[in-house]
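K.L.:
Spelled out, the chains give:
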Amino acid sequence: MADFNGENYENWKPSDFPEGYVCPEAGTSVNCHTGGWRSERPVWDKEQCSNCMLCWVYCPDSSIMVKDGEMTGIDYEHCKGCGVCVTECKFGALELISEAQAIAEEGE
Amino acid sequence: MAEEKKMFSATGNQMVADAMRQVDPDVMAAYPITPQTTIVEGYDKFVADGRVTTEYVNVESEHSALSACIGASAAGARVATATSSQGLAFMWEELHIAAGMRCPIVMANANRALSAPINIHGDHSDIMGARDTGWIIMFAETAQEAYDNTIVSFKVAEDPDVLLPVLTTLDGFVTTHAMDCCVMEEDQTVKDYVGEYHAKYPLLDTANPVGHGMFATLGDGYMKYKYTQREAIEGALDVIEKHGKEWAEITGRPFDLVDAWGTEDADYIIVVLGSCAGNARFQARQLRAQGKKVGVVRPRVFRPFPAQQIVDACKNAKAIGVIDRSDSFGSAHAPLALEVRSALFSAGVQIPVNDYIAGLGGADITLAQMEQVFTELEQCAAGEAKKSITYLGIDE
Ligand code: SF4
Ligand code: SF4
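Just so you know, the protein sequences line up as chains H and Z, in that order. If you count the first sequence from 1, position 30 lands on 30 in the numbering used here, and the numbers rise without skipping. Take any residue in the second sequence, note its place counting from 1, add 108, and you have its number in the numbering used here.
Since the hints were derived computationally from the structure, they do not count as laboratory data. Don't take each hint at face value.
To be verified - Simulated pairs of lysine-lysine, BS3-like, Cα-Cα distance not exceeding 25 Å:
1) 426(Z) x 13(H)
2) 350(Z) x 13(H)
3) 494(Z) x 423(Z)
4) 426(Z) x 401(Z)
5) 494(Z) x 400(Z)
6) 426(Z) x 334(Z)
7) 494(Z) x 13(H)
8) 80(H) x 46(H)
9) 350(Z) x 113(Z)
Source: prediction; values computed, not measured.
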């Protein structure tokens with residue numbers, strides 16, 4: 001039997017798959033890094049943020065990171081860059097920039 | 109058998125409903141359609157009369173019926189349903205899902221024609237639409253066999269080495285509605301035989317959460333998984349035989365993957381599915397009385413296809429006639445003929461095969477037609493060419 005944390009999926013043999021393509025463990029989607037699909041990314045401006053949590057409510061990928069009732073950042077391993085949070089933010093605390101730009105800026 | 113079992117008259121549908129009553133599945137979700145209706149109607153009465161503990165789900169369509177069955181099966185329930193014709197066609201996408209999710213659902217199908225033109229009578233057009241969906245498919249010749257096949261179906265479907273849905277089929281009207289001589293085993297005998305069902309990954313086991321209906325688009329997971337489905341259904345042939353023989357042992361009624369009559373020395377063999385095998389054998393007996401060496405072969409299981417058994421039964425013949433009750437438009441051969449030809453070819457057996465289509469939309473399949481086939485097989489063996497497919501009983 002394979003390890004079902006989802007990380008080694010590419011190397012599974014047919015016999016590693018459980019009947020029914022069932023996933024026999026809970027919470028394994030955290031190991032699936034959907035951030036790789038992104039062509040744009042939301043960038044958070046902590047200064048503008050009022051911690052209203054609208055972005056947290058709307059994010060379809062649970063990628064708004066929160067601790068003790070306050071936003072702490074964006075989980076780029078899972079954020080797919082849909083921009084919903086940017087549209088919903090009423091405080092101008094989120095901006096959508098291209099991945100290329102983000103990578104270039106990171107490189108600086 | 110120790111004592112003589114009581115024989116009584118019943119229709120195929122009654123026998124299927126009773127087989128399901130004796131198994132008493134946890135859930136049945138079904139929608140009525142001619143000529144299957146009396147199965148689910150009969151079962152509904154068992155529910156109303158408190159004779160079963162089944163949760164009976166009334167749904168608004170066959171699409172919903174099989175969807176509900178899949179949900180119930182994933183939840184961990186033993187599930188049964190029944191359908192026919194347009195209903196089976198309407199279930200098409202769920203047929204693939206049930207097999208892919210390895211839901212061991214047992215579904216009876218009253219084999220019937222498909223529209224257009226609309227026709228409610230028996231043929232195999234509907235069931236052949238399900239042949240590539242991953243379901244195990246059995247064909248009953250009689251009401252008795254419909255009963256036996258249905259019981260064996262539960263045992264096969266739920267076998268941990270199989271875990272596949274099973275279609276237990278009987279021919280519309282000829283088998284579903286005609287009265288036949290039948291015997292029924294005791295309820296307890298059936299319950300003991302099928303045993304209890306414990307799902308491997310039940311959704312309702314909240315202490316052990318699992319995911320059903322998972323996503324397989326990244327990489328080659330889908331392809332690897334489909335390979336496991338092929339292995340599962342191929343391996344099911346031996347399991348069907350094992351459980352069928354076990355049931356035969358209990359009941360004293362034979363169970364063979366392929367029913368071969370007179371094939372030991374037959375020069376000319378008819379291969380058919382389902383109810384019209386009786387006519388073929390009746391005519392074969394008449395011809396045997398005239399000294400002609402003829403035989404009849406009837407696969408009781410169509411998926412997985414018992415290719416080796418067909419080859420074993422047919423390999424010494426001089427000519428074979430395959431009679432299909434459905435057409436595969438645009439293909440050179442109808443479904444059963446394709447399988448038989450492929451089995452012979454793969455085994456390196458070269459015997460001329462004549463293709464026939466009969467009984468579409470409930471058209472009579474007559475003894476005269478069977479005689480015509482046997483006569484043409486003799487001519488064929490003598491080197492007379494015949495055109496590819498003959499529609500029996502109509503002037504072309
Ligand atoms: S861009 Fe989409 S996925 Fe990423 S944090 Fe915003 S809402 Fe979530
Ligand atoms: S919606 Fe905007 S202001 Fe509200 S928590 Fe998210 S980033 Fe902060």
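K.L.:
Each hint needs a verdict: does it hold in this structure or not?
P.N.:
Structure-based check of all given hints:
1. Annotation: proposed proximity of residue 426(Z) to residue 13(H) is violated, straight-line Cα distance about 46 Å (limit 25 Å).
2. Of the supplied pair hints, the one linking residue 350(Z) and residue 13(H) is violated, its CA atoms being roughly 29 Å apart against a limit of 25 Å.
3. The hinted pair formed by residue 494(Z) and residue 423(Z) meets the criterion: a straight-line CA distance of about 21 Å does not exceed 25 Å.
4. A distance of roughly 10 Å separates the Cα atoms of residue 426(Z) and residue 401(Z); the hinted pair therefore holds under the 25 Å criterion.
5. Taking the CA atoms of residue 494(Z) and residue 400(Z), the gap is about 21 Å. The hint holds against a cut of 25 Å.
6. Among the hinted pairs, residue 426(Z) with residue 334(Z) is inconsistent with the structure: their alpha-carbon atoms are about 39 Å apart, more than 25 Å.
7. Restraint check: the Cα-Cα separation between residue 494(Z) and residue 13(H) comes to about 49 Å, which exceeds 25 Å; the hinted pair is violated.
8. Distance hint between residue 80(H) and residue 46(H) is fulfilled; the C-alpha atoms sit about 21 Å from each other, no more than 25 Å.
9. For a cut-off of 25 Å, the pair hint linking residue 350(Z) to residue 113(Z) stands: about 24 Å separates their Cα positions.
When held up to the earlier numbered hints, the structure conflicts with 1, 2, 6 and 7 and fits the remainder.
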